[in-house]
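Enquirer: Hey, can you piece these two chains together into the complex? The hints should help.
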Amino acid sequence: MITRIRLENLSKTYFKGETNEVTAINNVTSEIKESDFAVITGPSGSGKTTLLSLIGLLTKPTKGKIFFDGEEVSRYSDAWQTKIRKEKIGIVFQQYNLLPQFSAWENVSLPLLCHDVPKEERRKIALEYMKKLGLEERKDFKVAYLSGGEQQRIAIARALVVDPKIILADEPTASVDLETAYSILRVLEKLEKEQRTLIISTHDPSIISKATVSIDLRNGTVTKVERFSP
Amino acid sequence: MKIQRHLNFLWFAVNSIFTYKTRTIAITFSLMMALMILGSVAFVSGGLEKEAILSATFAPDITVQYLQAGRQIPISMNNTSVINKISGIEKTIPRVWGYISQNNRIYTIMGIDPAEMPIPKEINFAISSGRFLQVQDSEVAIVGRHLAAAFALDVDDTLILYNESDHPYNFTVVGVFTMEVNLYAADLILVTVNDSRKFFGITENYATDLCVYASDQTETRYIAQQILNDIPGARVLTRQALKDALLSAYGARSGFVSVIWYIMLLAVILVAWNQASAVSAEARKEVGILKSLGFSTMDILEIRLLEAIILGVLSASLGILLAIIYDLYLGAPVISDFMLGWAAVYPSFPLPIHVSVTSVVILYGVAIFPLLVGSLVPSWKSAITEPDTAMRGG
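For the record, the sequence lines run as chains L and X. Position 47 (the first sequence) corresponds to 47 in our numbering; numbering is contiguous. Numbers given in our numbering equal positions in the second sequence, counted from 1, plus 1000.
Simulated from the structure, these hints should not be mistaken for laboratory data. Nothing here was measured: the structure is a model prediction, and the numbers come from that model. Hints may contain errors.
Unchecked claim - Stretch by stretch, here's where chain L covers chain X in the computed footprint (C-beta under 8 Å, at least three residues):
{"#": "1", "region": "1005 to 1015"}
{"#": "2", "region": "1079 to 1090"}
{"#": "3", "region": "1289 to 1298"}
For every residue, glycine included, the Cβ atom is placed at its ideal position computed from N, Cα and C.
Only chain X is shown next, with the shape it has when bound in the complex (with noise of 0.2 Å):
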């Protein structure tokens, strides 16, 4: 039964890694600590790129604003007649939105025309009670769920909130965003366009962005670029353009998150190369051995092979259920710090988390491949010396 060699090469393996403690917690600890910032880094990148993806796809095709001096300025809805004469437009509505201070934290109103605007189907995965805007509401608001947590509001509850004249405007709760689209709605009070004017003081000539729809997606590049010709200092903004933005914010791509992954990288490679290559002479003696004895080359590297495998794959569960541990249960203080600084300001909510079975094939490969290098290397390079060299420590 062929099986049954690499079954007796695992128990050989198995067998040194028990033996040899200090030599396996040194390479199991060092690779679960960088495996373990890896993880809660790739976890919480991975749940902030998730919900930039969603937050875009609630967004327009394109986005027109208007700048001034560099500054964002309302744009006039006189714009809408020159958008809608280029070919391929579906529809241009406008949207206001804007700032406010509520007990020392910043939300944003956004307000929406629910008549007009293209109600996507993950809408309904976004609203986790109540419902959405409807054409004739007056007055209402769905809420981002920890602004929800924070004013103690559920549904049908009123939201008193005060613009810059100190004015009260009193809104009624309809809906409450889920968790899902934090990232876009923990700080987001979603009302009609109508009473975002209102709140603002913005004139039924203005918005501050037009939202634009193709009918050919395809066609959207081509259509951004007429506007930015017909409209000279208009700021166009297509939903990719946003997906890209937010994706290098949040996402791997991000600064921080690259920094972080090449170091941590790097280290993990050292910790392992180190660990694994620290071939002493009794390691070599012990290669001349087993070839004395009569283990071919293909046997011992096995043998390393399945050492190696053990250790990564022990180092990197133990590194992921411990970033999964800081992630979750602690809120990963630090890296929580660096990664969302923009929210210093903003309600305060849970970092969004995902596991993709990508990232965890990614953090396994990352402890488990500089291991296998590590082993196999002065392994093959002392299993192809002469056996009587090997034993001699050479």
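Isolated chain L, as found in the complex (with noise of 0.2 Å):
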């Protein structure tokens, strides 16, 4: 299998020379496949989050390289890394993300406005991920009037929306209830018959269950790898 992600001595110091300084990520040596489902686990604080920043280009390693498909993608500047997130990755966050003035398949569909989709076909677009994910009846909704769980659903359709080969997910079941993960869970799944790259955050057994490589953080550095048979 293609080696997609491979992150090499990554290291990243918030507030660095400061009296606050923050070394979140240390050292951090990895590989991930082509259409693993691989996921970092580890207490609050290890730097899962961090980790997924790093990965989906949302912010630079102070120290180490990122290489997506053998091409070093930390060194590029932020119009490349901006144009790779646009072509390559989906990221889900914990805290959604997802902009209030917009209704349900608005925010489903932002991705593809920098993607020359006109909006009936935006529209379209969006309500086939927001059906598949059970949101349809939503669709019209603004996001503050959904509840946690359809929202955590509304950030994943957006994430995969442009069908990108990368998906990054940050504690998607965390905040939702059984139902909703349990949904999530078999989008997720659906995901990695798709041959994606999936790298998800997570305390969820569930989900750990289902992976293919388990990445495990302890204060920002890898302390156990496992790789599992598919």
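Expert: The structure is reproduced here in structure tokens:
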């Protein structure tokens, strides 16, 4: 299997040189294959979100390198990294990060705005993904009127709408009920079968049980990497 | 189709404007009010400026007056021969004018020599009904439009004026000036120089002004200098000097207009900057989210640019519309008192309003530019920040 993502001696220090300096990720080296379902586990504050931010090119590493398909993307300019995010990465944030001024379907279709897709087509594509996540009836609701679980599924639909090769999800089932967590899990399983690279930070045993690779973090350092047979 | 992306961003911008109603209303209202005042002043000032320019058009190339103890007194016609000796002079003709008070209003009686005075082609635009003075005319007058209205005068009616000795003089109205020359002619009664002399009791050897016409316009300044040298104590005004004086009194260069413009411009900039750049952690977070979804810095700036343009155009359009209503239909209360304070004892007349393309363009610029800067700079700062930091509101 082709290596999709390679992390090489990756470190991230916030507030470097200041009194409140924090090293969130410390010398992480790891590899994630093309159709891996990778989970990043570890207690709160272990650096899971930071590692996902680094892989999602949302922040630059203080040290080390990130490779996508063999190319070192961590040295790319902001514009090129944005292009990579636009074309290759879908991100599901723990806090959903939806825009309140837009309705559910409009939020889902946001990434399509910079893909030259006209409104009607955007709506059509967004509704398709919303249907898959059982959100069709909520399409015209402002996101503020949706439950946490519904907002999480909107965030997942938004991450999928441009059909990205890499999907990053930060604790997608942390703030949802069991039933919603189960429906999210089914969507994730389906994505895995579509030969996408899934990287999920989670504490959820049901998600961990589906993973093909598990990276355990403690204080920003990888303590254990386990690879499971599919 | 590349245009589609821009249409998508326009959709985003419009959606944001309608969603953040409080912010939109605050910006639109503040800008609209500021633009209304600016526009109102600009349009009145433009009208006055236009009238001043038109008024100066009717002035002679050079006007020579005589001063004694700093006050204007009649000038001897003997000076005509002195002036005519200067090379480049086409002719020098007398003009006799003065003020009269009638019904607690002050009017100007201006006596000219229709046989000698060159009649500019613009005079056709200055007379709304009737005709201009003719050589054989006697005891006839052309009156300002508002004087005509105040005395219910029309062509062929008789205007009775009383001089300082309360002696009545009858003038037949042969023409009425247009609104276009209100600044100059609202209070004007134009008669022949002989009638004016009789009315004011000025002998034939004297005039109020000597109107000098040069054969070559480019020599006017040189001739004016020569007249000053040859007639000590004379006040010599070129047409250009008169135009400049009128413009600096009533036009954009007048103190009041400048002060209003500077204050309001500063207010507009502060309001727009404050409203647009009051970038909350929420707004910075939005930029971070958009970047995480694949929006480039340029995409984000385009969205903010569209928002600023829509808000600026909307505010400016409403402000300009209100300014026109305020000036044209309400008579620009308060502003007119400042700008036409001199007219308190003159016949009242509607403010001259001139809505020029230039002033409209400037007003739109004044509304849009500060908004653009106020929106784009903070957005650009957020957009060049790492998405992770921006999403944390940093």
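Enquirer: Next step is simple, just say for each hint if it's right about the structure.
Expert: Status of the hints after comparison with the structure:
1. 1005 to 1015: With 7 residues in contact (Cβ-Cβ under 8 Å with chain L), the coverage given for the region 1005 to 1015 of chain X holds.
2. 1079 to 1090: violated (count 0)
3. 1289 to 1298: holds (count 9)
Hint 2 from the list above is the single one not met by this structure.
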